[in-house]
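Novice: Listed below are the residues making up each chain.
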Amino acid sequence: MSVLEIKNLQVSVITEAGNKEILRGVDLTIKSGETHAIMGPNGSGKSTLAYSIAGHPKYLITGGSVTLDGNDVLEMSVDERAKAGLFLAMQYPVEVPGVSVSNFLRTAVTAIRGEAPKVRTWVGEVKEAMASLNIDTAFSERNVNEGFSGGEKKRHEILQMELLRPKIAILDETDSGLDVDALRIVSEGVNRVKANSDLGVMLITHYTRILRYIKPDFVHVFANGKIVEEGGPELADKLEEQGYAAYITA
Amino acid sequence: MSQLTTNYLTPTGREEAWRFTPLKKLSGIHDLEVSVADNISLFAKSDLPKGVSLTTPNTSDHPPAYAASDIVTNRVRKEAKKTTLITIADNTEIAEPIFLKRKCGPTAEVSRAVIQVGVNSRATVVIENNGAGKLGEEIEISLAAGSSLNFITLQEWDLNSVHLAQHHAIIGKDAQFNSYVVSIGGSTVRISPTVEYTGMGASAEMYGVYFATDEQHLEHRIHVNHSVPNTKSRVNYKGALAGKGAHTVWIGDVYINKGAEGTDTYELNRNLLLTDGARADSVPNLEIETGEIVGAGHASTTGRFDDEQLFYLQSRGIPADIARRLVIRGFFAEIISKLKSEEIEERLMNRIESELSRVGE
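Note that the protein sequences, when read in sequence, are chains A and B.
Mind the numbering: the first sequence is residues 10 to 259 in my numbering, read in order.
Mind the numbering: the second sequence is residues 5 to 365 in my numbering, read in order.
Treat the hints as calculated values from the structure; they're not laboratory data.
It cannot be assumed that every hint is accurate.
Unchecked claim - Here are the simulated lysine to aspartate or glutamate pairs, DMTMM-like style, with alpha carbons at most 25 angstroms apart: (1) A/K127 x B/D42; (2) A/K92 x B/D311; (3) B/K344 x A/D36; (4) B/K29 x B/D42; (5) B/K28 x B/E219; (6) A/K127 x B/E350; (7) B/K107 x B/D311; (8) B/K28 x B/E359; (9) A/K67 x B/D311; (10) B/K342 x A/E84; (11) A/K247 x A/E84; (12) B/K29 x B/E293; (13) A/K92 x B/D310; (14) A/K29 x B/E312; (15) A/K29 x B/D311; (16) A/K92 x B/E312; (17) B/K344 x A/E239; (18) A/K29 x B/E350; (19) B/K105 x B/D268; (20) A/K247 x A/D207; (21) A/K127 x B/E219; (22) A/K67 x B/E347; (23) B/K82 x B/D65; (24) A/K67 x B/E291; (25) A/K67 x B/D325; (26) B/K177 x B/E293; (27) A/K29 x A/D78; (28) B/K342 x A/E89; (29) B/K177 x B/D280; (30) B/K342 x A/D36; (31) B/K342 x B/E200; (32) A/K203 x A/E30; (33) A/K67 x B/E219; (34) B/K248 x B/E160; (35) A/K92 x B/D325; (36) B/K342 x B/E219.
As the structure is a prediction and not an experimental result, all values here were calculated from the model.
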């Protein structure tokens with residue numbers, strides 16, 4: 010049983026023109042097995058929340074705390090956060106030229122598990138995970154995210170999540186740019202990992218579409234850098250009908 | 005041409021060809037006032053296969069087959085009494101690479117070599133330049149019609165070594181010359197891979213990798229001369245730099261002469277700056293005297309290490325130092341993998357990584 014606890018988190022983005030306040034006191038607790046949908050209009054700070062928790066250097070924490078099972082996440086380096094059990098599926102996965110998917114996956118899994126996976130079982134493990142995400146095995150020899158289509162990038166993110174077995178996963182607009190088939194495959198992947206590992210999920214999305222496939226236990230409406238309303242799955246239905254207009258203040 | 009008059013004079017540093025080079029660090033190889041030793045420094049690493057010979061005839065019996073404009077090349081021709089001659093007989097296919105090793109003396113010295121690839125023959129020649137040395141060198145390579153040569157030079161010198169060289173290829177009809185220049189070691193390395201074509205259908209692929217750290221100067225001056233119709237050239241050099249005073253120079257001169265209709269050329273140089281205080285000069289230059297060509301282009305980019313790549317890898321649990329190594333390995337992989345030797349690939353990457361870990365110490 011793991012708990013990610015975010016308390017009064019305040020974050021600014023570092024820009025050349027100076028620092029700009031984005032998150033204005035976020036409170037959120039995610040436990041193993043729970044799925045929390047974070048929904049909100051563009052520019053409300055959803056991605057900043059995701060990247061701050063993962064430790065992107067562009068963001069400056071100005072207040073509040075983030076802990077995973079009581080350990081201070083904000084004190085950890087980016088790779089330590091991943092080793093502690095956090096995973097961020099990115100909206101725009103980064104291309105790494107010259108580094109093959111197979112080398113990348115193996116290096117990451119070795120780092121997270123603390124030892125290199127056994128060659129014999131590892132090959133099968135990757136093959137199986139790839140097959141269930143409809144990823145061609147030739148994919149292994151391609152360079153990380155280089156020349157991948159939008160759908161391939163997202164499936165590759167979920168593939169990593171399956172293999173790295175995090176405690177808490179943050180999915181940042183994983184549904185963006187996916188057609189119906191790709192959305193179904195990716196969602197099934199998330200659900201499979203949840204079923205196998207009691208994963209806690211923070212599902213960041215703009216649209217309710219993905220919630221038909223991944224059922225949230227809680228829905229949080231995010232606007233202007235903080236959570237402005239919370240509820241169960243029914244809140245997503247309300248957003249579907251009424252949009253975010255009510256939460257955007259001029 | 006006023007340039008010619010300087011071809012036999014000690015450069016001052018004001019000449020276009022020498023303006024990037026730190027003359028003080030050259031151990032006098034370029035300086036006619038300083039004497040140089042005449043040693044034979046190139047040896048076969050193991051028994052040569054059938055059809056391949058290595059001898060050391062008098063230089064006067066193997067006079068230069070092209071006019072050189074480089075002062076060091078001209079000096080080598082004058083000072084080297086013997087030439088190391090490597091011949092590959094006609095219609096010979098050598099599957100295994102022919103490895104040559106370098107053994108330099110304690111003072112500045114010159115070396116001249118001629119490599120002749122016979123009609124329709126195929127071979128790979130690898131020259132391993134390592135250890136200590138202060139070397140001025142010319143290698144003249146001729147490819148007879150229909151032949152193919154992979155020519156690999158590995159500059160894995162000790163950090164105090166100096167190496168100034170011209171490697172000139174004369175490519176015959178339908179012959180294929182593939183050049184791979186890897187420069188990692190040495191205090192100052194300045195290599196001019198130059199090619200000319202003597203028959204239609206001749207083609208050159210020229211690849212390079214260089215990695216400069218603290219106070220190291222690595223310079224590559226490519227010169228491709230398309231003078232006959234229907235010839236092809238591809239140039240792709242990639243370099244990375246780290247540490248204060250690390251300096252690389254890449255010059256890519258491609259000439260398409262009036263009679264060279266049907267020329268197809270593209271040259272590319274990419275540099276990756278890993279730290280502050282390093283400097284990469286990159287000067288592509290294309291001169292075209294005929295419009296009747298297949299294609300001609302060039303590109304040059306110099307960029308910083310991409311922190312987003314580092315973040316992505318780290319967010320998957322990969323520690324920063326390993327992530328950095330992966331990215332650098334990846335940057336060079338495109339070219340180093342073309343060497344098709346895991347052993348060399350591993351050795352080069354290990355050297356790069358060990359130098360990288362020493363930067364700033």
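Novice: A separate judgement is required for each hint: does it hold in the structure or not?
Specialist: Consistency of the hints with the structure:
no. : hint            : result
1   : A/K127 x B/D42  : 56 angstroms, violated
2   : A/K92 x B/D311  : 20 angstroms, holds
3   : B/K344 x A/D36  : 55 angstroms, violated
4   : B/K29 x B/D42   : 20 angstroms, holds
5   : B/K28 x B/E219  : 13 angstroms, holds
6   : A/K127 x B/E350 : 22 angstroms, holds
7   : B/K107 x B/D311 : 42 angstroms, violated
8   : B/K28 x B/E359  : 24 angstroms, holds
9   : A/K67 x B/D311  : 10 angstroms, holds
10  : B/K342 x A/E84  : 43 angstroms, violated
11  : A/K247 x A/E84  : 38 angstroms, violated
12  : B/K29 x B/E293  : 38 angstroms, violated
13  : A/K92 x B/D310  : 23 angstroms, holds
14  : A/K29 x B/E312  : 20 angstroms, holds
15  : A/K29 x B/D311  : 21 angstroms, holds
16  : A/K92 x B/E312  : 19 angstroms, holds
17  : B/K344 x A/E239 : 59 angstroms, violated
18  : A/K29 x B/E350  : 46 angstroms, violated
19  : B/K105 x B/D268 : 35 angstroms, violated
20  : A/K247 x A/D207 : 28 angstroms, violated
21  : A/K127 x B/E219 : 43 angstroms, violated
22  : A/K67 x B/E347  : 40 angstroms, violated
23  : B/K82 x B/D65   : 13 angstroms, holds
24  : A/K67 x B/E291  : 44 angstroms, violated
25  : A/K67 x B/D325  : 20 angstroms, holds
26  : B/K177 x B/E293 : 22 angstroms, holds
27  : A/K29 x A/D78   : 30 angstroms, violated
28  : B/K342 x A/E89  : 36 angstroms, violated
29  : B/K177 x B/D280 : 47 angstroms, violated
30  : B/K342 x A/D36  : 53 angstroms, violated
31  : B/K342 x B/E200 : 23 angstroms, holds
32  : A/K203 x A/E30  : 34 angstroms, violated
33  : A/K67 x B/E219  : 32 angstroms, violated
34  : B/K248 x B/E160 : 20 angstroms, holds
35  : A/K92 x B/D325  : 16 angstroms, holds
36  : B/K342 x B/E219 : 29 angstroms, violated
Of the numbered hints given earlier, the model fails hints 1, 3, 7, 10, 11, 12, 17, 18, 19, 20, 21, 22, 24, 27, 28, 29, 30, 32, 33 and 36; all others are met.
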